[in-house]
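Residue numbers (my numbering), protein chains in the order written: chain A, 1 to 344; chain B, 1001 to 1344.
Among the hints, erroneous ones may be present.
[To be verified] Calculated lysine-lysine pairs in the DSS-like style (CA-CA distance at most 27 Å, straight line): (1) B:LYS1086 - A:LYS187; (2) A:LYS297 - B:LYS1334; (3) B:LYS1297 - A:LYS334; (4) A:LYS187 - B:LYS1187.
Just so you know, the hints here were simulated from the structure itself, not pulled from any lab data.
Number of protein chains: 2
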Amino acid sequence: MVAINTEESKSSVSSLPPADAKTRVRDFVKELQDGICNKLEEVDGISKFKEDLWEREEGGGGRTRVISDGGVFEQGGVNFSEVWGKELPPSILKQRPEAEGHEFYATGTSMVLHPRNPYVPTVHLNYRYFEAGPVWWFGGGADLTPYYPFAEDAAHFHRTLKAACDKHHSEYYPVFKRWCDEYFYLKHRNETRGVGGLFFDYQDGQNALYRGPHADKAAAAYSDNLGTVKSRSWEELFAFIQDCGWAFLPSYVPIVEKRNKMEYDEHQRNFQLYRRGRYVEFNLVYDRGTIFGLQTKGRTESILMSLPPLVRWEYCYQPEANSPEAELYETFLKPQDWANWQGA
Amino acid sequence: MVAINTEESKSSVSSLPPADAKTRVRDFVKELQDGICNKLEEVDGISKFKEDLWEREEGGGGRTRVISDGGVFEQGGVNFSEVWGKELPPSILKQRPEAEGHEFYATGTSMVLHPRNPYVPTVHLNYRYFEAGPVWWFGGGADLTPYYPFAEDAAHFHRTLKAACDKHHSEYYPVFKRWCDEYFYLKHRNETRGVGGLFFDYQDGQNALYRGPHADKAAAAYSDNLGTVKSRSWEELFAFIQDCGWAFLPSYVPIVEKRNKMEYDEHQRNFQLYRRGRYVEFNLVYDRGTIFGLQTKGRTESILMSLPPLVRWEYCYQPEANSPEAELYETFLKPQDWANWQGA
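Extracted from the complex, chain A is given alone in its bound form (with noise of 0.2 Å):
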């Protein structure tokens, strides 16, 4: 945990979830996931989503429901699902020591969109809630991901989930958005995903808004003020997250209905064809849940739902200088201070 010098942390103490949080929780994901759905399939306007439910054998289940060959979207899938077990796997455990031992819950949404035209960008969300014996937590986010970007599309999805942050703390956007910017990035390719969002995990309302990989040398640095920040309940956290996930159709719906009539040809097709393949690195090689899910007995199809329907990989491609794909890596695919962006 990051280590946070003033009087207030030293007492702090996360207030108890009340009796019907998973309830509470499960029934706000599974109201998120019908109404993301149901605006999607509108803006679409060709295909359907179609659900599959299935059962989890130690326990638990979801709601898978994919929608392909549509209007906007070649293929995408909205997943929830409700999940319980008799303790949380190792590389969790290592994060929270205290649920060692201990039954676990999990309940969450995650989708993924994959639209056809090059100019409308890739979209992530995934909102989950934990309990394991005297821990619980929040964690989640959305990230963009454009192949033609626009910078006003990216300042518009930040803005709008900032707002969606700033009416619960003034920290959460910086913080959230830097530790997104961490994330969702590949190593190996020196590049962001995309333009990023959100991301946390273990919001538990202790202090620390921050526990990722720097968590233990750099919080100070994280953020100016993440020492003044107060612990928060878990009413106050759930109401955050539930903006945060109401956030995502404003933040997303009106840049495909900007983009979606754009013409575009081979060319472009084939470059969009060509940067899903690092959303397929990265799901396989970074993406913990992923990576965990496949290990363990997570529903393969709904855990690899995530990847492109269609991909290419091409040897030491190069974008043309001074084209949009050069832009693309050169100013898009590096952290940027979109809600900031200062353009037309």
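With chain A's structure known, arrange chain B on it following the hints.
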């Protein structure tokens, strides 16, 4: 290491490599790369390999050769590398603790070929040699991944490799064939990658042929005769590796020549692209070499040249009953005794 209860094993010591061991292995793997590339260009008939020479900051470099848009090969790469450095990575040191604190040297060739015609199987080959302080070893193998499979092709591939093995030791083929089935296995799909071939690692002349995941508990069951294997000299192992390497062309080229003229349509092509997704999943989720290379300072483009040029994912795809696609799953993606196949 496998516990083997013979008097002999207790006193065996791996023979020292000759003074010019590195040069000799390096020259062999370069010759193998040359020989394979020359023959593959002849077989392809249209495209030639393009070569990139590269250097590695910490020491060493390589020669990457890529063929694309050919008469047979949609994309393929044959890589040679020779690298050295201060210490082997932790993942290898765990297997070879004697190497800790010692400088290392590694050389090898690796190859993946993705043909365009769905009746021609994808193939992979890798042979490598390591030295680090008091230890040295050879590793490698070759495996075949058909889309529309023929039992006689699988049998031909296995029999050719078996003949190369049998010249050196009757236990090589049965042990390394089984190790291959184990290694090229997609746990999350419950499928082998293809029809297998050979795989082995850590061959240093000690008695233990098998040092895979079941080494500590199942050595005896792995091969009935494992306890009778004599220790082998560096020269014996090097001769074995060379025969394996040169067995590649006769194991694969006749299959290409037999299948490349077969007609196919969109249906077969789509299934091939879908199955190529499994190759990506294996290489990015499980393959030790790929993951290690990506997470350290390997040359990304040389590591990922193993990925197919065009790939599809489809949610919940199921082959039709009694179709050729179903036959692939039911018969060919499970370990089979191909060398003893009794067909036409």
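Checklist entry - CA of LYS1297 (chain B) to CA of LYS334 (chain A), is that 27 Å or under? => result Distance ~20 Å between LYS1297 (chain B) and LYS334 (chain A) Cα, so the pair holds.
Pair hint outcome, LYS1086 (chain B) versus LYS187 (chain A) [Cα-Cα no greater than 27 Å] = At roughly 22 Å apart (the allowed maximum being 27 Å), LYS187 (chain A) and LYS1086 (chain B) satisfy the hint.
- Query: Taken at face value, is the distance from the CA of LYS1334 (chain B) to the CA of LYS297 (chain A) at most 27 Å?
  - Reply: Holds - the C-alpha atoms of LYS1334 (chain B) and LYS297 (chain A) are around 20 Å apart, at most 27 Å.
Is the hinted pair LYS187 (chain A) and LYS1187 (chain B) satisfied, with a Cα-Cα distance of at most 27 Å? holds (26 Å)
In this structure, none of the earlier numbered hints is contradicted; all agree with it.
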